Amino acid sequence: MVKPATEGLVLALGAGGARGLAHIGVLEVLAEHGLPVRAIAGCSIGAEIGALYARYGDPAVLARIALGVDWKQTLQLFLPDAAAMGGVCSGRKILAFLEEHMSGMTIEDLGLPFLAIATDLHSGEEVILRSGPAAGAVRASLSLPGLLMPYPWEGRLLIDGGVVNPVPFDVAADSFGTPVVAVAVHQGARGLSAAPIDARPASWRAQLRALLDQPWVARARLVRTWLEEQLAEPAGPRTMQWRARAVLTQAVNIAQAQVVQQRLLARRPALYLLPDVDRIGPFEFYKARAAIAAGRAVARAHLPDLYALLAASRRESPPEALPGEPKVGSV
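With the working numbering applied, the sequence shown covers 6 to 336.
Derived from the structure by calculation, the hints contain no laboratory data.
Quick list of simulated restraints, FRET-style, between CB atoms:
hint, residue 1, residue 2, range
1, 259, 157, 27 to 35 Å
2, 272, 309, 22 to 30 Å
3, 12, 111, 23 to 31 Å
4, 73, 271, 37 to 45 Å
5, 128, 267, 14 to 22 Å
Predicted model, so just to flag it, every value in this text is computed and none were measured.
The C-beta atom is built at its ideal place from N, Cα and C for all residues, glycine as well.
All chains should be built: construct the whole structure from the sequences, respecting the hints.
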């Protein structure tokens, strides 16, 4: 692992699916205002954004990647497949995407100190991934129960780190020091009542028909058959199955919110940012522009705090929080 710099902010980027694209907006504002990042701890989507930033060092690259995703590409990533065991889809396409960008790099090869949070499926223990293949570590951290297959890692089966530590500000401080700026985007971070349970587009039938017209679907018999079955359902694509997944997703949301609240009682980051991403569903990656804008807004609103924390990081023993804090920031 790259040795942490002595000056700069330590980021803890939280879980939250597509809402986590707000992390890109936060990184953009930090870069624009000369606020250096010296280390990142990420969970789930936070691990993905953190690893990509540690890989490229430029949030503009991340924004281009995110803004190039539409709803059709999102659906391609999460369509069920025959290889899935213990999940709706195997996650092969997600891993392929990660490997394309990581180019075989290990966590130790990345340009910034980085770690990802995952959960041991059998023991329920928090697993901190500090070394090994960067793409695999992120894929493990992304393994949302019931959606993506658990990921094998050194004899363990790992699932989404959001189950045990959705916003790993404590691990970030223990691993990289302070001050830690946490960015929370999980559903429930700003109140569970604002979290949508089912983010399916209302025009599901028209969108599935459009997907059937894609050349790659015509060549993929399994996918085409599955889509045709969904179109045959009068009430919607496997309505009860979707509802069951919605209940599971909301259960995870509630658990995550409770876990974070308990951890905040025991320990606090220097700054806890809450982007306004309540109108973005966990799988709505095609809403990248809105998510990035939310991240930019909350970071800009707290620039004075961020500058103060950078000044604190230049001291011999930087405090974990500003005097009279911790600050919780939203817009």
